[in-house]
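> For reference, the chains in residue letters:
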Amino acid sequence: MLRQENRLARGNLISWMDKREYQICTNCVMDTSDSKITFDGNGVCDHCNGYYRDILPKWHTDERGKLALESIIEKIKREGKGKDFDCIMGVSGGIDSSYLAYVVKEQFGLRPLVFHVDAGWNSQIAVNNIEKLVDGLNLDLFTDVINWEEMKDLQLAFFKSGVPHIDVPQDHSFFASMYKFAAKYKVNYILTGANYSTECVRNPMEWMYYQSDATQLKDIHRQFGQRPLKTYSLTNILWHKIYLPYIKGIKVIKPLDYVPYHKEEAMQLLVDRFGWQRYPQKHFESRFTKFYEAYWLPKRFGYDTRKVQYSSLILTGQMTREEALGKLSKPAYDPEEIAHEFEYIATKLGISVEELQGYMDAPKKTYKDYKSQESIYLAGAKMMRLLGLERGGKR
Amino acid sequence: MLRPRIIPCLLVHNGGLVKTQKFTNPKYVGDPINAVKIFNEKEVDELIVVDIDATVLGKEPNYTLIKHLATECRMPLCYGGGVRSVEQIDKIISLGVEKVALSAAVVETPELITLAAEVVGGQSVVAVLDVKKRRLGGRYEVMTHNATKKTGLNPVDLAKKAEDLGAGEVVINSIDQDGAMNGYDFDLIQKVRESISLPLTVLGGAGSLQDIESLISRFGIVGAAAGSLFVFKGVYRAVLINYPNRSEKDALIKGNL
Amino acid sequence: MITLVNYGLGNIQAFANIYKRLNIPSEIATTPEMLKRAEKIILPGVGAFDWAMKRLNESGLRESLEERVLVDKVPVIGICVGMQMMANRSEEGKLDGLGWIEGDVKRFDESSFTQKTHLPHMGWNDVEPKEGEGLFRNLQVDARFYFLHSYYFATRHPQHVLSTTDYNGRYASSVRRDNIFGVQFHPEKSHQWGIQLLKNFAEM
Numbered sequence: 305m306l307r308q309e310n311r312l313a314r315g316n317l318i319s320w321m322d323k324r325e326y327q328i329c330t331n332c333v334m335d336t337s338d339s340k341i342t343f344d345g346n347g348v349c350d351h352c353n354g355y356y357r358d359i360l361p362k363w364h365t366d367e368r369g370k371l372a373l374e375s376i377i378e379k380i381k382r383e384g385k386g387k388d389f390d391c392i393m394g395v396s397g398g399i400d401s402s403y404l405a406y407v408v409k410e411q412f413g414l415r416p417l418v419f420h421v422d423a424g425w426n427s428q429i430a431v432n433n434i435e436k437l438v439d440g441l442n443l444d445l446f447t448d449v450i451n452w453e454e455m456k457d458l459q460l461a462f463f464k465s466g467v468p469h470i471d472v473p474q475d476h477s478f479f480a481s482m483y484k485f486a487a488k489y490k491v492n493y494i495l496t497g498a499n500y501s502t503e504c505v506r507n508p509m510e511w512m513y514y515q516s517d518a519t520q521l522k523d524i525h526r527q528f529g530q531r532p533l534k535t536y537s538l539t540n541i542l543w544h545k546i547y548l549p550y551i552k553g554i555k556v557i558k559p560l561d562y563v564p565y566h567k568e569e570a571m572q573l574l575v576d577r578f579g580w581q582r583y584p585q586k587h588f589e590s591r592f593t594k595f596y597e598a599y600w601l602p603k604r605f606g607y608d609t610r611k612v613q614y615s616s617l618i619l620t621g622q623m624t625r626e627e628a629l630g631k632l633s634k635p636a637y638d639p640e641e642i643a644h645e646f647e648y649i650a651t652k653l654g655i656s657v658e659e660l661q662g663y664m665d666a667p668k669k670t671y672k673d674y675k676s677q678e679s680i681y682l683a684g685a686k687m688m689r690l691l692g693l694e695r696g697g698k699r
Numbered sequence: 016m017l018r019p020r021i022i023p024c025l026l027v028h029n030g031g032l033v034k035t036q037k038f039t040n041p042k043y044v045g046d047p048i049n050a051v052k053i054f055n056e057k058e059v060d061e062l063i064v065v066d067i068d069a070t071v072l073g074k075e076p077n078y079t080l081i082k083h084l085a086t087e088c089r090m091p092l093c094y095g096g097g098v099r100s101v102e103q104i105d106k107i108i109s110l111g112v113e114k115v116a117l118s119a120a121v122v123e124t125p126e127l128i129t130l131a132a133e134v135v136g137g138q139s140v141v142a143v144l145d146v147k148k149r150r151l152g153g154r155y156e157v158m159t160h161n162a163t164k165k166t167g168l169n170p171v172d173l174a175k176k177a178e179d180l181g182a183g184e185v186v187i188n189s190i191d192q193d194g195a196m197n198g199y200d201f202d203l204i205q206k207v208r209e210s211i212s213l214p215l216t217v218l219g220g221a222g223s224l225q226d227i228e229s230l231i232s233r234f235g236i237v238g239a240a241a242g243s244l245f246v247f248k249g250v251y252r253a254v255l256i257n258y259p260n261r262s263e264k265d266a267l268i269k270g271n272l
Numbered sequence: 023m024i025t026l027v028n029y030g031l032g033n034i035q036a037f038a039n040i041y042k043r044l045n046i047p048s049e050i051a052t053t054p055e056m057l058k059r060a061e062k063i064i065l066p067g068v069g070a071f072d073w074a075m076k077r078l079n080e081s082g083l084r085e086s087l088e089e090r091v092l093v094d095k096v097p098v099i100g101i102c103v104g105m106q107m108m109a110n111r112s113e114e115g116k117l118d119g120l121g122w123i124e125g126d127v128k129r130f131d132e133s134s135f136t137q138k139t140h141l142p143h144m145g146w147n148d149v150e151p152k153e154g155e156g157l158f159r160n161l162q163v164d165a166r167f168y169f170l171h172s173y174y175f176a177t178r179h180p181q182h183v184l185s186t187t188d189y190n191g192r193y194a195s196s197v198r199r200d201n202i203f204g205v206q207f208h209p210e211k212s213h214q215w216g217i218q219l220l221k222n223f224a225e226m
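Residue numbers (the numbering used here), protein chains in the order written: chain A, 305 to 699; chain B, 16 to 272; chain C, 23 to 226.
In isolation and in its complexed conformation, chain A is listed as follows:
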C-alpha cells in the first residue's frame, strides 16, 4: 500500500515540475520539456556543459582516434583469424549503422557479420538499404526474427502501462539478440553505430527510460501482457555491462567515435556508392519508431526528440541553432499522413483506431510507477564515470 502511495507521490512530483517557467538553452535547443534540465549563468544547459566538460576533451577523431581504432581493429582481426567472421555488427538500415558497415569493412578491412533484428516493423527503405550494403560491401547477413505475436503482445502491454517509453520492446530486443548471439557463438566483439557526433546529447531518462532494464520490462509484461515471452530475448544490465565484458570478454565497440563522422556527407557517400536510399524522416527504418518519436512522444507527453537530435548536431557543428529552431517550428509528424500511419499501427497491432487513441489519451505514467533497476543503473553509471570508463551518459 505504502509503496503504491510513494509511487503516486513521485509521479505527482514530476508533473509539478512541468509547471516550471519555460526556458530554452541559449546554446542548443533543449528546453524545460526536459523537466530535469538546469541552466548556468549564461543560460547554457547541463547537456551542453556536460558535453564540453566530459566528452569533447577526450573525443579524438584525428590521428589519435585513427591510431586508437587501428589498435582495437588489429586485436579484433587477430582474435578472429580462422573464423568465418571476426565480429558482429548491429545494422538497422539507418545511417549510423550503414556508415559503420562501410567504415569497418572498406576502410579497416574487418570481416563483420551483419546482424539485423527484425521486430516486424521494417520499412521498405530499411530493408533495401541493408540489401544494398550487404551486396555492395560483400558482407554476410544474419537476421534474428522476433516472434511477432510476442512482440505485439509486449508492445500492447507497454501501451497499456501508460509510460512514455513504448519502444522498449523493439530496442531491448535489438541489443539482447546481439548479446545472446555473441555469447552463444563466442564472438568477442560487437560493433554498434552509436556515436557522439549525432548522439552526444541523450534523451532524458524521463522521456526514454533505459531500454535494457529487464526488471521494468518484465513488470509491465506481467501486469499487462497476455502471453508468455517464450522466444523473446531478454538481457539485463548486470549481464551485459559486467558479466559479458569482464568475465566473458565480449566487448562493445563504437568505431564511429574514432573517425570523423559528418552525417550529411556520410549519407551522400552511401547514396553515391551503394544506391543507399535516404529516409524522408529520422528513424523511418522502423515504422513503429517513427510513430513513437514523431507522434506519440510529442503529442502525448510534449517530448520532442528532435530537440535532442538537433542539439547533438548543433554541438558538433552540423546544424545551426537557427536551422534547428526553424525545423522545430513545424510539427514532428506530417499532418496529411498521420491518420494513415495511425491506422496502420492499430491494424498491425490487431486493435481498433479507437483503442489506440484511447492509449494516446490515457492517464500518463512514468517509469517510476513500475519496478525497475534504476538504483543499479545510477550506482553503475557513477562508478563508470569515476573509473573513467564512460563519458556522458543518460540522466
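To be clear, the hints were calculated from the coordinates, so they are not data collected in a lab. Quick caveat, the model's predicted, so the values are computed rather than measured. Glycine is no exception: its CB is placed at the ideal position from the N, C-alpha and C atoms.
Label-pair ranges, simulated between beta-carbon atoms: (1) A/E647 to C/D72: 37 to 45 Å; (2) B/K82 to A/S375: 55 to 63 Å; (3) A/G579 to C/D200: 44 to 52 Å; (4) C/S133 to B/V71: 42 to 50 Å; (5) C/E80 to A/Q527: 50 to 58 Å; (6) A/E647 to C/T186: 36 to 44 Å; (7) B/V71 to A/E647: 28 to 36 Å; (8) B/K74 to A/A685: 49 to 57 Å; (9) B/R149 to A/G662: 57 to 65 Å; (10) B/R150 to C/E80: 51 to 59 Å; (11) B/K74 to A/A643: 29 to 37 Å.
Following the hints, put chains B and C in place on chain A, whose structure we already have.
Okay, now just chains B and C, sitting in the frame of chain A:
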C-alpha cells in the same frame, strides 16, 4: 508488350510467415502484414499468399488477415488455403482479393472450378498443383494436404482438366524443388506448358535472378513465382525481403523474350 | 467527391483505399439517391459480362446512373468489365450492354497468337495513350497497367479509342466518349501508374 510476371509467394502458418523446404521444416519469417506492405512498396507484379494450415486442419480461411493483406496491396493478390466452396470464394474476392487458388479442391471437387468461374469469372480461379517426382519411374504425381496425400494423378492431365473446367490460370508447384534454391524444374514445366494454353505460373526452386531469367528465356510469357529467393539472403539464409527493382526486372526480360 | 458504384462486383474497397490515401473524399453508393448527387463516378467490374449486367440491372441503380451519365453528363469511368458493359453487346454473353459507347465486346482471336499462353490476357502491359492530358496526364511515357481479361472492346468509331495496347495486335485498352471513360486494365491494382490515373480522374 505483355511482360512475364515475377511473383513472391508467401506461406502463412499459425498466423505467421514461414518458409519450408520440400514442404517441411517451416522456418519462421515474421509478420505477414509488414511483409506484404514491404512487397507492395517494392512494386511487385503480383503476390501469392497461401495458408498452409487451413486445408490440413479443416479450418476456414482467416478472413480478417486476408482483408488486412488486401488493403496493403496495390497489385493483384492471390489467396489460397482451405478453399472448398463457392461462398468462401465469393467472400474472399469481396474482401479485395483478385484471385483465389484451389489445390485440394481441384482433385477432390473439380466442379468447384466451374461453379466459381460462373460467380467470380474464370480469370479469378487459379488451379494450384503441388507436384512430386515419383522415386521409381521418374513420373510426376500431384499431391495435396502439404504433400502428405498422394492422388495418383498426373499434373498434365489435371492441368488440362482445370483448363476445360474454366480455370483462368494454373500454378505448378514443385515439391522436390521447394526451398532448394537451385533452379526450376524445367522438365515438369515443359510438360505442362505444352498441354495447356492458360497462363502458367511456376513455383519451386528459384535461387537467383538468373534462374528467373533462364525461365523466361526458355518459356517466354510465364509467371515466375518464388518463395525463398525473395525472403532470404546469403549463406545463412537470413530473412531479408528483397525483389528486383524496375530496371533489374526490365533487364531480366529484355532480350529474353 | 468520387462516387463508387456498388452493385456487388469489383474491388470497390481498393478504390476507396487509394482515394483515402490521396486524401480525396470518396463514397460508396448503394442507393439511387446517392447516385443522384454524384459528381464523378467509378463503375468497377470483374467477372463475366452477363453476370455483371444482371447484377447492375437488378441493383436498382441503373436508372439513376444513366440519368447522371447520359443526361447530366457527369464524368464516369468504367473499370474492366465495367468498361465492357458500356458497349452494345458482348460475345461473352447474351444480355444487352448499356450502349453508352458504340461497339461490341469480342473475344481475342487466339488463332493468330504466336506464344504458348493465350487467354486470359494476364499481367502487366504497356498502354499508349492518344491524348497527353486528362486521364493520362503524366502517363504518356512508360505507362504500364495490370490486365486480366479475355475479351476486348471493339469500338465502332476510332475516335472513341483513348489508348491502345499490344496483345498479339493493338486493341483499345481504354475508350472515351465525352464524359464517359472506360479502362480495360485495373488501375486499382497497378501501383503508382494506377494511382496517378485515378488521381487524374479525380482532378479532371
